[in-house]
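Same order as they appear, the protein sequences are chains A and B. Here the first sequence stands for residues 528 to 858, where the numbers follow our numbering. Here the second sequence stands for residues 49 to 451, where the numbers follow our numbering.
Hints are supplied without guarantee of correctness; some may be wrong.
[Claimed, not checked] Cβ-Cβ distance ranges computed for the label pairs, FRET-style:
id : chain 1 : residue 1 : chain 2 : residue 2 : range
1  : A       : K704      : B       : A340      : 27 to 37 Å
2  : A       : D754      : B       : A377      : 18 to 28 Å
3  : B       : P308      : A       : R663      : 57 to 67 Å
[What the hints assert, rightly or not] Only pairs whose alpha carbons sit at most 25 Å apart, straight line, appear in this in silico PhoX-like list of lysine-lysine:
id : chain 1 : residue 1 : chain 2 : residue 2
4  : B       : K339      : A       : K762
5  : A       : K758      : B       : K222
6  : B       : K339      : A       : K589
No wet-lab data here; the hints were simulated from the structure. Backbone N, C-alpha and C fix where the C-beta goes; we use that ideal spot for every residue, glycine too.
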Amino acid sequence: MNVANVAPAIRLAATLLPALMGLCVASGAVAQTIYVSNEKDNTLSVIDGKTMAVTDTIKVGKRPRGITLSKDGTQLFICASDDHAVQVLDLATKKLVHNLPSGEDPEQFALSPDGKSLFIANEDSNIVTVVDVPSRKVAFQVDVGVEPEGMDVSPDGRWGVNTSETTSMVHWIDMEKRAVVDNTLVGPRPRYAQFTKDGSQLWVSSEIGGTVSVIDSATRKVQKVVDFHIKGIAKDRIQPVGVKLTDDGRYAFVALGPANHVAVVDAKSFEVKDYLLVGRRVWQMALTPDQKTLYTTNGVSGDVSVIDVDSLKVTKSVKVGRYPWGVAVKG
Amino acid sequence: MTKTRLPSPLRAASCLPLGLALGVALLAAPAGAEEIRIGFLSQTPEPPPSVSSPDEPAADDGLAGAVLAVADSNTTGKFLNQSFVLDPVEVAPDGDAAAALRELAARGDRFIVVDAPGATVAALTKLPEAAGRLLLNANAPDDSLRGAACAANLLHVAPSRAMLADALAQYLVKKRWPRWFLVTGRRPEDALFADAVRRAAKRFGGQIVAEKTWTAESDVNRTAEAEIPVFTQAKSYDVLIVADEVGEFGDYLSYRTADPRPVAGTQGLVPTVWHRTHEQWGAAQLQSRFKAAAKRPMTARDHNDWTAIRVVGEAAARSRSADPDALIAFIQSPDFSMSAFRGAPLSLRSWDGQLRQPVLLAADRSLVSVSPQEGFLHPRTELDTLGYDQPETLCKNRGQKKP
């Protein structure tokens with residue numbers, strides 16, 4: 528699951544403020560569909576956003592992990608890691624239509640704001656592959672650190688960022704130069720990166736460091752490190768993975784892996800407001816386009832937790848396949 | 049002196065299967081990068097002729113892990129203007145390890161990974177040439193090296209026998225299989241492992257209900273079916289724990305015991321730092337990266353050597369320094385921690401220089417559990433429930449006071 532899942536719709540809304548924002552809220556009744564990749568079942572679970580029931584299970588490639596919607600919302604891109612391909616699923620027909628070239632072992636990816644470039648982390652080969660989506664060709668590849676993982680693209684399209692787990696850095700890829708031009712050292716084993724909506728900050732989780740680093744995009748320096756403490760849970764079990772920021776700049780949600788909680792961080796003061804108990808080994812998350820609901824994938828318990836953003840309460844859990852990994856919401 | 053030397057310093061050497069990966073990383077290293085040289089001194093004891101193992105260890109067992117760790121460190125190093133050079137020397141079983149260390153010291157290596165038996169490690173730390181260098185013990189599990197024979201210039205990347213036995217004991221106690229039949233081999237190291245099991249029983253509420261020593265001189269391969277049912281007649285117990293480090297008879301116990309009981313210890317369910325079935329916490333990535341380079345699965349020895357090199361690499365990246373003195377200080381500071389694909393971060397115990405770490409419990413084709421087990425608590429970190437904790441340490445040579 529990745530920022531790009533929700534980003535296209537939200538970023539469009541941002542350019543047409545505030546009328547369209549109102550429209551988004553008003554159209555909240557429109558049925559939402561949630562897609563979840565099941566890493567150990569080689570399937571996608573399809574959840575109806577209204578009934579919260581799994582309505583379909585779609586067979587996909589081997590070891591599906593990151594998933595993201597195309598900009599127009601008609602297709603889903605799937606990292607089929609052990610097939611070394613990014614598969615493209617047509618959502619209307621639920622058929623895999625073609626593959627995109629992806630490089631070895633694709634794990635996570637991010638779509639550029641214009642929807643044309645897909646940034647793919649190739650975990651086994653220390654490379655980021657940038658694919659031109661319309662022509663289905665590799666545009667370029669960039670050498671990064673050991674075990675590239677988290678990916679995002681800045682809202683202005685200037686930066687592609689990648690985190691490398693064993694190198695523990697954020698690599699800043701200049702889109703024009705098509706090269707890494709800067710690196711920011713963060714806590715051990717960075718897993719996930721997300722830009723704020725205005726692009727001024729990049730939030731990066733460190734699984735083994737147990738922290739989230741907030742990086743100032745202008746200087747590419749860490750401006751704040753967020754720490755987590757949950758009573759009764761050993762410090763080394765708190766392992767941040769997924770991060771989701773609300774568009775209004777109010778909250779950052781941080782999935783804490785084997786601590787089985789999602790931290791709610793005040794995105795302005797950087798203080799942790801609450802810890803929400805979810806399923807076991809919470810991994811990735813997605814917000815609905817109206818920002819009212821957050822979905823989390825819980826790898827070990829094999830379910831999806833549903834969090835109401837207004838009340839900050841976990842309202843439901845939905846059983847899916849084995850090792851749910853990525854999640855994307857179509858509004 | 050019968051010493052086989054590998055080409056050194058090993059740079060983008062194409063003589064090794066990993067040369068390519070290493071070469072790529074080095075080519076990418078910026079010109080004028082700060083160089084960090086790591087000596088790698090290995091010595092593999094000859095297995096006794098009585099051992100007939102179906103799994104011949106690979107010729108590069110251990111070294112392949114070190115080579116991959118240098119490649120990994122160089123991939124990171126290229127962004128920090130740091131370049132790592134591995135300087136491997138292999139000492140024959142009856143070779144002169146001291147001369148090998150002197151040679152590495154003469155080349156200016158301040159970090160020396162020692163993948164050798166405990167006696168070799170103990171002798172090397174006392175050499176005048178070892179002073180001011182950091183020796184990283186990557187293979188010897190002897191608790192004495194962490195205790196009375198500890199040294200200020202010696203860190204332990206490999207877990208001790210006490211840590212391995214504690215990891216196993218916690219799991220057996222959690223399973224409510226606390227009554228153990230301890231079978232010990234005839235070698236001194238077997239007695240040391242048995243001591244660690246007895247200590248673990250006391251710590252975690254296990255009970256040694258029966259003990260025997262395996263002294264049979266006959267070829268166990270031919271006699272096991274007849275001898276083991278008789279040998280294993282004992283009063284009621286839950287698990288047979290075997291202490292047979294070289295693997296002389298331990299593999300023959302399962303399915304031949306008088307009572308139908310599981311076997312654990314040095315064979316059967318084994319405590320280990322690494323296993324080919326381990327895939328959690330990103331381990332799948334390290335497994336596939338290693339397999340692609342070495343054309344075989346990563347062994348525990350490979351992993352210990354990988355970790356030893358990565359301790360230096362991680363310290364260099366974190367402190368953004370290539371200065372050996374700064375790195376030696378940083379590695380031993382409370383700020384140092386690193387990821388090693390076993391969940392909890394690894395860091396150093398100030399009192400004996402031991403790397404604290406989770407321990408896997410594995411059967412032949414499945415990972416059974418990872419210790420420390422839930423419920424075994426410790427005020428600092430649950431990892432300190434494994435091995436000698438600060439109040440128990442017998443180490444007096446590291447400038448640490450008892451609390």
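So, going through the hints one by one against the coordinates:
1. A/K704 to B/A340: 27 to 37 Å: 30 Å, holds
2. A/D754 to B/A377: 18 to 28 Å: Cβ of A/D754 to Cβ of B/A377: about 25 Å, so the range 18 to 28 Å holds.
3. B/P308 to A/R663: 57 to 67 Å: 59 Å, holds
4. B/K339 to A/K762: 32 Å, violated
5. A/K758 to B/K222: Status holds; Cα separation ~23 Å.
6. B/K339 to A/K589: Distance of about 19 Å is within 25 Å: holds.
Violated hints amount to a single one, hint 4; each of the other numbered hints is respected by the structure.
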